[in-house]
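Turn these sequences into a full structure, and let the hints guide you.
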Amino acid sequence: MVGPTSDERVVHADAVVLAVPPPAASKLLRGVSTQAESELGQIGMTSVAVVTLLYRAGDLPGGDLPAGSGYLVPPSEGRPVKASTFVSHKWEWIGEAAAAQGLIAVRCSLGHADDIEILQRDDADLVKVAAEDLAFVARLGRARPVAARVSRWGGGLPRYAVGHVDRVARTDDALEALPGLVACGAAFEGVGIAACVARADSAATRIVRRLGADGQWQHD
Numbered sequence: 001m002v003g004p005t006s007d008e009r010v011v012h013a014d015a016v017v018l019a020v021p022p023p024a025a026s027k028l029l030r031g032v033s034t035q036a037e038s039e040l041g042q043i044g045m046t047s048v049a050v051v052t053l054l055y056r057a058g059d060l061p062g063g064d065l066p067a068g069s070g071y072l073v074p075p076s077e078g079r080p081v082k083a084s085t086f087v088s089h090k091w092e093w094i095g096e097a098a099a100a101q102g103l104i105a106v107r108c109s110l111g112h113a114d115d116i117e118i119l120q121r122d123d124a125d126l127v128k129v130a131a132e133d134l135a136f137v138a139r140l141g142r143a144r145p146v147a148a149r150v151s152r153w154g155g156g157l158p159r160y161a162v163g164h165v166d167r168v169a170r171t172d173d174a175l176e177a178l179p180g181l182v183a184c185g186a187a188f189e190g191v192g193i194a195a196c197v198a199r200a201d202s203a204a205t206r207i208v209r210r211l212g213a214d215g216q217w218q219h220d
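In the UniProt record's numbering, the protein residues as written are 1 to 220.
Where hints are given, some of them may not hold.
[Unchecked claim] Restraint ranges, calculated between C-beta atoms of paired labels, are given here:
#1 Glu77 x Ser6: 47 to 55 Å
#2 Arg144 x Arg9: 51 to 59 Å
#3 Val32 x Phe136: 46 to 54 Å
#4 Ala83 x Asp14: 49 to 57 Å
#5 Arg170 x Glu132: 39 to 47 Å
#6 His12 x Ala177: 17 to 25 Å
#7 Gly180 x Gly41: 31 to 39 Å
#8 Gly141 x Val32: 54 to 62 Å
#9 His164 x Pro74: 47 to 55 Å
Bear in mind the hints are in silico, worked out from the structure with no lab data behind them. Source: prediction; values computed, not measured. Even for Gly, the Cβ is constructed at its ideal location relative to N, Cα and C.
In structure tokens:
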């Protein structure tokens, strides 16, 4: 059944792809697969705020960001920005579009798993914190952003605990026994675009491979 509880309807499908966060997937699998429900229910989630900043190239030392595609910061450093992506360096097409306007783009992620207090601040404060921390770590001098955007992802980031790879393997084994059901998403093999696409492609391939010409699920 799908839809609001007050207006549920039954949909018959040849196959179902679970592409929701672990807590939701775990609930959906209740009574369907005890193993998969348990495994997915143990994958924790945390929140993150992403602050995208635009700088005038002429305001930056040397007219550009430091070499590389960005940096990661371990929680032990105690800094508010846990990761910074030099967007203009990492994606050529964005870099070219920004450069055409004399701009350089940077993306900062804030909010550590065990310290999300900073995420309660308003957008203006997050922009200020991100810009100041970036200026210090990347040595941007007195450069300040000319535009910014804040995106908040509440409970949208998986926490990969020790043993996560084995947990995913056990989940996949449990789902393998359920004809017509596969799962994908950032909680399985990584939050990066490439990892998510690869997992989704694998799920789709499995469906195509196991669905016969008559649209019925074929057992290996």
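We went through each hint and held it up to the structure:
One distance hint, 47 to 55 Å for the beta-carbon pair Glu77 and Ser6, holds here, with the actual separation near 49 Å. Checking the proposed 51 to 59 Å range against Arg144 and Arg9 shows it holds: the Cβ atoms sit about 53 Å from each other. At about 50 Å, the CB distance of Val32 to Phe136 agrees with the hint of 46 to 54 Å. Hint check: Ala83 to Asp14, Cβ distance near 40 Å, so the stated range 49 to 57 Å is violated.
Between Arg170 and Glu132 the Cβ separation comes to about 44 Å, which falls inside the hinted range of 39 to 47 Å. For His12 paired with Ala177, a C-beta distance near 21 Å keeps the hint of 17 to 25 Å intact. A hinted range of 31 to 39 Å for the beta carbons of Gly180 and Gly41 is inconsistent with their spacing of about 22 Å. With their beta carbons about 57 Å apart, Gly141 and Val32 fall inside the hinted range of 54 to 62 Å.
Judged by the Cβ atoms, the range 47 to 55 Å given for His164 and Pro74 is violated: they are separated by roughly 18 Å.
Of the hints listed earlier, those the structure fails to meet are numbers 4, 7, 9, in rising order.
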